[in-house]
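Enquirer: Residues per chain, in single letters:
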Amino acid sequence: MSPIIKRRGEEFTLPSKYLLFILTVLCTALILITFKTNLFAGPLNSFSGIFVVPFQKGITKVGTHIKDTTDRLASISKLLDENEKLKEEIAELTEKNAYLEQDKYKLTELQKLYEIDSEYDNYHKVGANIIAKDAGNWYYCFVIDKGSDDGLMVDMNVIAGGGLVGIITDVGPDWAKVESIIADNEAVSAMVLSSSDNMMVTGDLEKYKTGLISFSKLVDDADKVRVGDKVVTSNISNKYVPGILIGYINEIADDSNNLTKSGTITPKVDFAHMNQVLVITELKQKAK
Amino acid sequence: MNIRRVIINFIFIVASFVLQTTVFRALDFGGVAPNLLMIFTASFGFIKGDKAGLLSGFFCGLLIDIFFGSFLGLYALIYMYLGFLIGKLHDIFYSQNVAIPICFITIGDFVYGFICYVILFLFRNRFNISFYMMKVIIPEVVYTALVAIFYYPIILYVNNKIDDREQRSAKKFV
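Chains as they are written, first to last, in this note's numbering: chain S, 1 to 288; chain G, 1001 to 1174.
Simulated from the structure, these hints should not be mistaken for laboratory data. Mixed in with the good hints there might be a few duds.
[As the list claims (entries may be wrong)] With a straight-line cut-off of 20 Å between C-alpha atoms, the simulated SDA-like cross-links for lysine to any residue are: (1) G:Lys-1135 x S:Gly-211; (2) G:Lys-1088 x S:Ile-22; (3) S:Lys-57 x G:Lys-1135; (4) S:Lys-207 x G:Phe-1121; (5) S:Lys-209 x G:Arg-1025; (6) S:Lys-209 x G:Ala-1026; (7) S:Lys-209 x G:Phe-1127; (8) G:Lys-1088 x S:Tyr-18; (9) S:Lys-284 x S:Ile-236; (10) S:Lys-36 x G:Ser-1070; (11) G:Lys-1135 x S:Ser-214; (12) S:Lys-61 x G:Ala-1026.
Start from the sequences and build out the full structure, keeping to the hints where you can.
Expert: So this is what it looks like as structure tokens:
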């Protein structure tokens, strides 16, 4: 390096407090801008698509593979024991199966009654793997390995194991961010299936640790809603497609205003052990 | 700040972020994962000074913002200030001793957790601070401190290597 260039380099050195000040202003500006608009989504999404998502995909794939193989080795001795038990169970189950065949007719009949359920099957869905979970411990959102290249869009609903998981809030070319309904800042408009009463389902970090989510603003003058009733997404929500199962009412109590009720719901989805999800590739705004 | 240092630190940040969101999410205790990016920001600030701390904090935070923040800049701001403050300690303490930086990483992570609680939860009428302390902040701090015991020496070692190289190449030109 020649002395001239070096002197030049020193000229450009910024004292750290000024740098701090500049970056603070920059951050504040970013917060204000992105709070309302979606200005920087494009370039930043492509940045993360190039530098971060491939690693996350790879590591998740390797991780699940390693876990699978170790699980497989560990379970051989267990399997032998289980095999004995299973043989006994088969005998039992063949008997039960006969009964179930009969129930099946009932089911198809009931499904006709609840047209909601059949509609639910008709939504076009795309499977996706979860490749990363929230960096902090405060919220529960995660990243999946499908993005706009697979036709995903913001506000599409995500389900798993027959229940509502959350909603897509950000999409890159080959990844999408899903905010789950148990996240503390999420709220879903829902209704009780049996009585069609509307309510708000909100995630709650305190309750989530015990495996529950809370609901409020349930108007139920006739006292028809009972513990164990099904809760599904409501028709009036502007983002969630109607009729997706959220969970079952676990606890219900009158609010102090005596007009509404609130309580807790046991979610249908096991959020702690979730690896694959289904994305409904239909938006509520366009869906019938 | 030569290009090699920038690239290596970039790799460090991305690796920390990827590990934090994948591997350590699978190895969580009670649903809580360690904050590797906080370890990196704090250690880097501690080793190289306030300016390095605030820059690395800014980029670590920005990465979280891009992926998981509902808007850009909030985490960048928090990480940046913590990196800056811990970087101020660079002039006071030796970076070779492992115990002191681990202490400050722990304190930094605690402050980070507390700020997150205040900004993201207290402002939305969630007043049950003891619950959040016991279930999120304290477990995260403990886990982070444990991981930092192994992670800090790696960062220190790599940084010393780069320093050596830079000094050697600087000598060549004398």
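Enquirer: Each hint needs a verdict: does it hold in this structure or not?
Expert: So, going through the hints one by one against the coordinates:
no.	hint	in the structure
1	G:Lys-1135 x S:Gly-211	14 Å, holds
2	G:Lys-1088 x S:Ile-22	18 Å, holds
3	S:Lys-57 x G:Lys-1135	29 Å, violated
4	S:Lys-207 x G:Phe-1121	14 Å, holds
5	S:Lys-209 x G:Arg-1025	16 Å, holds
6	S:Lys-209 x G:Ala-1026	17 Å, holds
7	S:Lys-209 x G:Phe-1127	17 Å, holds
8	G:Lys-1088 x S:Tyr-18	14 Å, holds
9	S:Lys-284 x S:Ile-236	10 Å, holds
10	S:Lys-36 x G:Ser-1070	11 Å, holds
11	G:Lys-1135 x S:Ser-214	18 Å, holds
12	S:Lys-61 x G:Ala-1026	12 Å, holds
When held up to the earlier numbered hints, the structure conflicts with hint 3 and nothing else.
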